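There are 4 protein chains.
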Amino acid sequence: MESLANVAPTGDFAKPRRNVRMTPKYLTLLSTLRSSVTKLYANKRIRDIRHVNDKGSDQNSFRRAMSSFMLMAQCFALCPVQGITSLNAHDVRFTWCSWRVGYCIVMILGMTAACGFTIAFYIKGFFTFETSATVVLYTLGLSCCFCFMSLARRWPRLEELWQRTEHEQIQYGYPRNLYLRIRIMSAVTLAIALGEHFLAKYTVICTVALCSDKKRDLLQLYWLMNYRFVFEFVQFSLPLAFLCEIVNFFASFYWNFIDLFVIVLSMALSSRFRLLNSLLKFSVRKVQPETFWREARENYNSLSVLTKFLDSCISSIVLLSFATNMFYICQQLYNTLRKSVGTVKLVYFFVSISCLLFRTVAVSLCAASIQEESRATKDILYALPAESYTIEVHRFLVQISTDNVALTGLRFFTVNRNLLLTVSVKI
Amino acid sequence: MESLANVAPTGDFAKPRRNVRMTPKYLTLLSTLRSSVTKLYANKRIRDIRHVNDKGSDQNSFRRAMSSFMLMAQCFALCPVQGITSLNAHDVRFTWCSWRVGYCIVMILGMTAACGFTIAFYIKGFFTFETSATVVLYTLGLSCCFCFMSLARRWPRLEELWQRTEHEQIQYGYPRNLYLRIRIMSAVTLAIALGEHFLAKYTVICTVALCSDKKRDLLQLYWLMNYRFVFEFVQFSLPLAFLCEIVNFFASFYWNFIDLFVIVLSMALSSRFRLLNSLLKFSVRKVQPETFWREARENYNSLSVLTKFLDSCISSIVLLSFATNMFYICQQLYNTLRKSVGTVKLVYFFVSISCLLFRTVAVSLCAASIQEESRATKDILYALPAESYTIEVHRFLVQISTDNVALTGLRFFTVNRNLLLTVSVKI
Amino acid sequence: MESLANVAPTGDFAKPRRNVRMTPKYLTLLSTLRSSVTKLYANKRIRDIRHVNDKGSDQNSFRRAMSSFMLMAQCFALCPVQGITSLNAHDVRFTWCSWRVGYCIVMILGMTAACGFTIAFYIKGFFTFETSATVVLYTLGLSCCFCFMSLARRWPRLEELWQRTEHEQIQYGYPRNLYLRIRIMSAVTLAIALGEHFLAKYTVICTVALCSDKKRDLLQLYWLMNYRFVFEFVQFSLPLAFLCEIVNFFASFYWNFIDLFVIVLSMALSSRFRLLNSLLKFSVRKVQPETFWREARENYNSLSVLTKFLDSCISSIVLLSFATNMFYICQQLYNTLRKSVGTVKLVYFFVSISCLLFRTVAVSLCAASIQEESRATKDILYALPAESYTIEVHRFLVQISTDNVALTGLRFFTVNRNLLLTVSVKI
Amino acid sequence: MESLANVAPTGDFAKPRRNVRMTPKYLTLLSTLRSSVTKLYANKRIRDIRHVNDKGSDQNSFRRAMSSFMLMAQCFALCPVQGITSLNAHDVRFTWCSWRVGYCIVMILGMTAACGFTIAFYIKGFFTFETSATVVLYTLGLSCCFCFMSLARRWPRLEELWQRTEHEQIQYGYPRNLYLRIRIMSAVTLAIALGEHFLAKYTVICTVALCSDKKRDLLQLYWLMNYRFVFEFVQFSLPLAFLCEIVNFFASFYWNFIDLFVIVLSMALSSRFRLLNSLLKFSVRKVQPETFWREARENYNSLSVLTKFLDSCISSIVLLSFATNMFYICQQLYNTLRKSVGTVKLVYFFVSISCLLFRTVAVSLCAASIQEESRATKDILYALPAESYTIEVHRFLVQISTDNVALTGLRFFTVNRNLLLTVSVKI
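Residue numbers (this note's numbering), protein chains in the order written: chain C, 1 to 427; chain L, 1 to 427; chain G, 1 to 427; chain B, 1 to 427.
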């Protein structure tokens, strides 16, 4: 590879190093990356390992902060890549022939079946709002499986790109407490989701209990009513009921997980921008040479490239997340306003819509923080003294002003703070 | 590379060449073009012919990729220009005195008659949603004829400009498989349209069959009902019924064809931007001289000028396409939601609205891809190393950031990915 | 004044001339203008008169093209400035003590009375859609009087600024046929308005004729019904009825005139931008020195300043025009859709709404053309060869990209082509 | 000019002065500010005191213009900072242990109780529009208390930053009549609010009087009806009724005060931009050296930093103000249109909605004027002669074009003139 070839013969490191860094940064998005990445990594990994030994703080690196999170995703048959617990992003791989992919495919089949049953039920004439919500739930589950399967194929490259960016910007360190924040966010979101899920079940069982007088048949009646879209077509059997319950649980999990996934990735990315901004704010106190600003701009551009690559990977998930949340908010509001319901159902509705709103707002704000942090760099550049305002700073400013660094919903809309208001006004 | 070959023999050729290339690029849009174009072409055509002989890939040139497509349009009395199968854009001409124009005028008369009958029928008090759709269909047909007639007068200049742009950027080659992609897109879209058209006819005949008991009169009854807006005023006769059928078929074809037309032109144009981007991505691996970036910028500007000229030609068609699709989507949704209809009609409605949505989305995404591709160049410039960031690159970046390279609906709206969401929210 | 002082002693004219031109350009908007304007004009008028003698084309100057138009406005008690027929903008003055102002104040009193009667009638409980339209009509009339009274005080400075801009850009000549186009536009719009007004009267008289059997009392009955909001409070008398008729005629005229006024001013301004663009397009064929681009930029900036000053003068009229048109379109649509009416009324409604739509679209497109033309300059700059791309061109490009040269509705909205779509979607 | 005076004695003072000024400007937003601020202030205060003695115009300084206004706020238990009447911003402090904070906490408790009662009343089934308005009123009161408590903690730093900015730009003087304008605006707004409040009370008492026949019990009946949400749960007692009345009065005051607060701060800030613009307009008459433009740009940036800091402090209050006004306008419109009410209520409704609209428009326009004034600087730069167009001016222009200097509603929306139209269209 030319970059290494450049480095080898010459002793003066400064300018070649630029080339080493610059060229691959851009090439990342090109297909030529794959061939050159191994040699490059040999070089990088030395630095990597040294830092791994040096600092305890690198548990906040993206790789380590995400590994347990992704493991949880894999438990629920999402994102079937291998080597997810490895320290090195290079070990993360995707192959079609693996148990994880098999597990995912099984779940896809389950979701497809559930989707089919609900649509058949829907066509057969049982068109109520409950059915509509069920159809959306399993369609979401199925889409989610497909999105994460497609994500899995690009995930190794994303991890690689992210780790490389982190190593190039090792002087900024790692985001503080990223590991902890991801943990807490996951725990809180999933706890709320679990609570809401069981409250939903409890509400249904309460409703069922009104119809049934014998305690023994309660569970069966619950299954018959709750999965009526299956047992309308198929004879009731206990294993089938369990299968239904599992698929339902997974679908509910997915609904919550895609929000959480977008939140976690946004937190990780926006904290990288925040790191860059804090270093710039700190450095700006004394006049910096042009090379400093060149490096800062290149680092910013690396993050911009990373954002765009991340967006190309997860923009379908972002769209899915927003669309589903919008649908459920509208449906819940409609349900609540339309009919006067019993106390248990009312409490459930309020809890449910609060969870929904909390999650929607959290996703929006977290995803919007990427754009906010990336724009905040502008203020630092405006305040630079005239001596520091070189061509590099001007180029930096032009990039920040004209580049749109943000997550998008399949490029149909950009996720920023304005979006939340626009959407709420539409409703 | 031809540019170097040109430069080689004469030492002082560099600057004149610039002028030759630069000036006409801009002047294309001026009326002064016409006088200077012959001399220029003598020069260009030599290159043209050489390349025609050299490469087999130029079947992907705009001229060759479009010729059979435009021939089909001419079969349906649209865009009556001459020399549409010629290899050289210079042979494409428009004259008022030609059989093609005559054919078009006949069709315009037919459409006008149909329009008149429907409006008279509408005023007479038969205001139903079916009538409203019919009025819109024939109004669309008539507008379509006029738009393409007006387009035909500008088409030769568009072809010329496009071919010149292709020749100037001959080092990028031609878009890969453009020819094939246009063929496939046309085949798919028209096959779907044909299927939908016959399903519509079948649905009407089914409805008619319910009213009639004798098999013999079925076709006549169908004509009487389907073209009631004519036979309310005129005595039924078989030739007239055939005429009605033909005009109806043409109008339905136009409705599908304008979408297809926008799709095909968008594909051809956005693939030119994609070519430019791939070459830039490839070239960016090593530091390029300023002249390279100057040429890249000029090529980009050529494409921008081409886009604006194309837009000035077809923006009325784009507006027509979006407006009609919006109207029919609203009407279909309203029809489906309002009344419970029989199975055959229901199936037809679902098929019809799916086709409609598919086409609307396809038009939007294809037309939006022009803007997307033209903006993608920005990312390459951001990633350039500091050594390459000359005044030319800065100017390039300023142009991309401030220029709006996109198709528009008669300049009332710009077609981008955001539009699709905006429109769907409005509905 | 320093500018003249600068010119006098030194023989080398080039640089001082810059100062002369630059400084006053900006100062125009400052209050310091007034004191220095007389001396400056002594200088300018020489050039002015020379050109008046030289060319016949200066009947297309703003002053001459507008004089008869403004005279018509003054016949209807609008914009009471003096010297409106003078060749020199310097003669246009506004004083409170003049017959014209008195005439306007009389009309304001009439409008106020009409407004008062309609509101009293409205409060008294006669709240129908016809009343609502009447209230809006007289409120519009009154606002219109006030807006034009306030405009009259700024009109002399606007004329001066415009004439100065024209003289500075005398090398571009005057817009071709501006005089003629204003005449034709006025004639067409007012003819349509007159036709629509008499059709409205005829419709009312037809309705009245149904109630009355005696021919003699028809006119009185018409007055009693049409001006019921007056005669509900005051005893009927013939002079009063005539007064009502006159005030009604004036209000109707104002409703049409504000649209025409915006159209005419937009045509005059956008044609100046078009002149600049054509000269630039023509000049761009050969490489121009930096001073050429400096002058072009300064001329562009003069037009931008002129646009902003014009906007500050007429933005309230623009808002009034858009708001009224929106109200009447909504009201007419509501009326037509709500109730089934007789043939005469139906024809009137269709004619009326067509006139309304025609005028609204004409106002929007004309006013939007200012922005369109001002942006079109950008394309010329993009196409400049690298040799011509100096700092002046860059500055020119930056100004066009970042400056918003357009009319606004009291700065609440910018009038561009997008607006028309936005507004129609809202309805 | 003081800057020259400072430079005069020492020859090499120019550059250090830059550093002194530049660095802290930016650092203001950093936590490192606190340590360095004392030394800096020792330096500044000398200047400060000199100017205090020199000019009488500094009663228009932010500190003095706001002190009585903030005192009024503190009377109503808002913004509990100490030293609010001091001349020096350095004396303004926030401590948790103070009587003022205690007073605020008492009021928070009162608001919480009122909120709790209304919500309990609401849940108990008394869901009418009157209740809904009451819930919103007390929720607003409570939020308002919290917002101002949180503002109080940042207020000292805001005052400091503002005073420093004023001292740095002492050559521009202070905004003319700021003191007076704040007084008048406060007086007018609060007088209107008071009038509207008593009219509301009168309306309620009139309604009550219809139900009651004995004059003596009128007041008690009024309390029972107006504070039914309390006395539904608690036994009636006179002290409690007085407490209710006080809390109600405070909540109504807050509703008006947050609008007034945003208006006053916007006036103060936009007048600073206006000062800068007038100086620039004045200076632009003769060619200025680059250092002049550098200083102008830095001053502009100081104001931009100040705006952003102010926005970070009050954006929640802006959001609260807009949201509440929107809610009440919608509710009043709905109430007025829905039911036909008696004359007293009708008059009250018209007065009430007029006040509401006046306040909403005033808030919008005042807050929008910050953006307008900050953008107006652009026009001055466009008109600069070529000699003055240095890199500093370019940088200045780039900043104005790309920086968004405006108040926001918690960054969800930017307050500009367009917003008012957008919002009114939504309604």
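No lab work stands behind these hints, which were simulated from the structure alone.
Don't take every hint at face value.
Which copy is meant is left open, so a pair is good if it fits within one copy or across any two.
With a cut-off of at most 27 Å between alpha-carbon atoms, the simulated BS3-like pairs for lysine-lysine come out as follows [said to hold, decoys possible]: (1) K124 / K378; (2) K426 / K281; (3) K308 / K378; (4) K308 / K286.
Keep in mind that this is a model prediction, so the values were computed, not measured.
Hints, one by one, checked against the model:
1. In this homomeric assembly, K124 and K378 never come within 27 Å of each other (Cα to Cα): the closest approach is 58 Å inside a single copy and 52 Å across copies.
2. When the C-alpha separation of K426 and K281 is checked against a cutoff of 27 Å, the pair qualifies neither within a copy, at 39 Å, nor between copies, at 41 Å.
3. Taking the closest pair of Cα atoms, K308 and K378 come within 27 Å of each other both inside a single copy (19 Å) and across two copies (13 Å).
4. Taking identical chains as interchangeable, the C-alpha atoms of K308 and K286 lie at most 27 Å apart only when they sit on different chains, with a minimum of 23 Å there against 32 Å within one chain.
Of the numbered hints given earlier, the model fails hints 1, 2; all others are met.
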